[in-house]
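Counting with the numbering used here, you get residues 651 to 1198 for the letters of the sequence shown.
Simulated from the structure, these hints should not be mistaken for laboratory data. Check before you lean on any hint, since a few could be wrong.
[Claimed, not checked] Simulated restraints on C-beta separations:
(1) Arg776 <-> Lys797: 32 to 42 Å
(2) Lys797 <-> Gly661: 41 to 51 Å
(3) Glu901 <-> Asp678: 19 to 29 Å
Built from N, CA and C at the ideal position, the CB exists for glycine as well.
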Amino acid sequence: MTSDAHVQVRGLSVSYRVGGRQVTAVNDLDIEFCRGAVTAVVGESGSGKSTVARAIAGILPSNARVDAGEVLLGGQDLLRLSERQLRTIRGSRVGFVPQDPTASLNPTQRIGAQVAEAVVLHLPMRGAALRDRVGELLAGAGLTDVKRISRSFPHELSGGMRQRVLIAIALAGGAELVIADEPTSALDVTVAARVLDQLTKMVTSAGTTLVIITHDLSLATHRADRVAVLHRGAAVEAGPAAEVMARPRHEYTSQLLASTPGLRDRRQDRVRPDTSAVDGALVRLEGVSKSFGGSRYGRAAVAALSDVSLRLLPGRTFALIGESGSGKSTTARIVLGLERADSGTVELFGHDLADVGRHAMRELRRRVQVVYQSPFASLDPRFSVGRSIREPLVAHRAGTRAEQLARVDELLNLVRLPSSYARRRPAELSGGQCQRVAIARALALSPELVVCDEPVSALDASVQAQVLDLLREIQERSGVAYLFISHDLAVVRDIAHDVAVMQNGRIVESGGIDDIFERPTQPFTRLLLEASLRHAGGTVEATIGSEG
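Start from the sequences and build out the full structure, keeping to the hints where you can.
In structure tokens, the structure reads:
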């Protein structure tokens, strides 16, 4: 341990009671965090990083047990404190920023009241002094128009704004140690960069000890002062971030780096289908506009899309990128026929969707399938893997039962899962395995087009790489086209052939992946790419889009 360590974790072992037995999550772990420094704790799901964070903060779940070790904060062992003593420590000395701002804020309380509650738990403030302190905390977290935000409910704020509210709450009691658990994994790159800017600014201005729990090695490489790599509950490598990431000593660290989009070598041998002889596009949008709301609610309609035009050719991957609210998902829903455009032309496989009836639409939907963001939410937990994959075949009466079961085995083999997995349920699989099942189900009817809506954002780096390689391999083998929606520009560059940049419901720039990423012509595209780099390694000065 170094002499300047502010927090010292020594010999920590934690286990969970699962199915009547104790399962070890962290085993004899030694790690330290220095005052005024940013330390990133990285590793795949199940490596123990979140368990370490929750053990330090004293918020382990009820089925967890600390088997051994100590956690010293300024020499005080937090593991020896009673729950009553821990309540005085949380907020006043230890702040915690959870991953999901939507689940962590009370939807029935205004933002100002929730921040004020965190203040009065530790500081004797009332009235005007309390309101001023709430405003200072919100402003300190990088929010503007704090009076409006204080009066707002969580659903009235963007994801990035809600995440900064959580930062304000974590700092309400003047915490000297702040633990941020995956604080940017669900945020667009520009918003994520601003959140990280505020966290790092907090460290330099107040000398706070900041611990970031993350599976994003690009973030750890460029944002952290120190890095600790966890694998199966043990720290396999730790030290200065630049040194660990540039010259990893452990094979596991090297594997993580090799799997991270943006850090791993781009696939230069990526097949680029010859589309010179292609007469028609699978998807064609011309001048498409779409609004929601309107006079029925006594409000002006909100434009979601304005004059959107694009073409998706067979065998290629077309990516839509942009911030939340830019229109990406609305575009995808219109392509799938789940929303109708207010104006413009929408053609799917040469058919104008405005003229397609219900039965014809059902036949078209056999040729287009979807892979969603959350692998667990997209599978019915009551169904076996085999039943989930077979479901589209049954719905469209494709083949006999024997042929359907044979197709299930074929698809499991295609996504590199054993045929025995057909009998398992989603709860028995990892996130990456569940996403493979979702891909298998999407391919059951041999579609010509698959819409991939953030298909790897919830996955660890190594699993991301496996899923992206699998999607690419399937495309090269079958010629399927992908409409790929993502906020991760490194992922998009890794897999896409063509890309369109969306801002405020409009496509501001589109073209081949190399042209857009290396020779952007529009200011917003350049700012978006710059923000992607700064998310990993700097600050975002410019305000991009209209986050609020």
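Hint check:
1. Arg776 <-> Lys797: 32 to 42 Å: violated, 19 Å
2. Lys797 <-> Gly661: 41 to 51 Å: This hint holds: roughly 49 Å between Cβ atoms.
3. Glu901 <-> Asp678: 19 to 29 Å: The hinted range 19 to 29 Å holds for Glu901 and Asp678, with Cβ atoms some 20 Å apart.
The structure fails hint 1 only (numbered hints given earlier).
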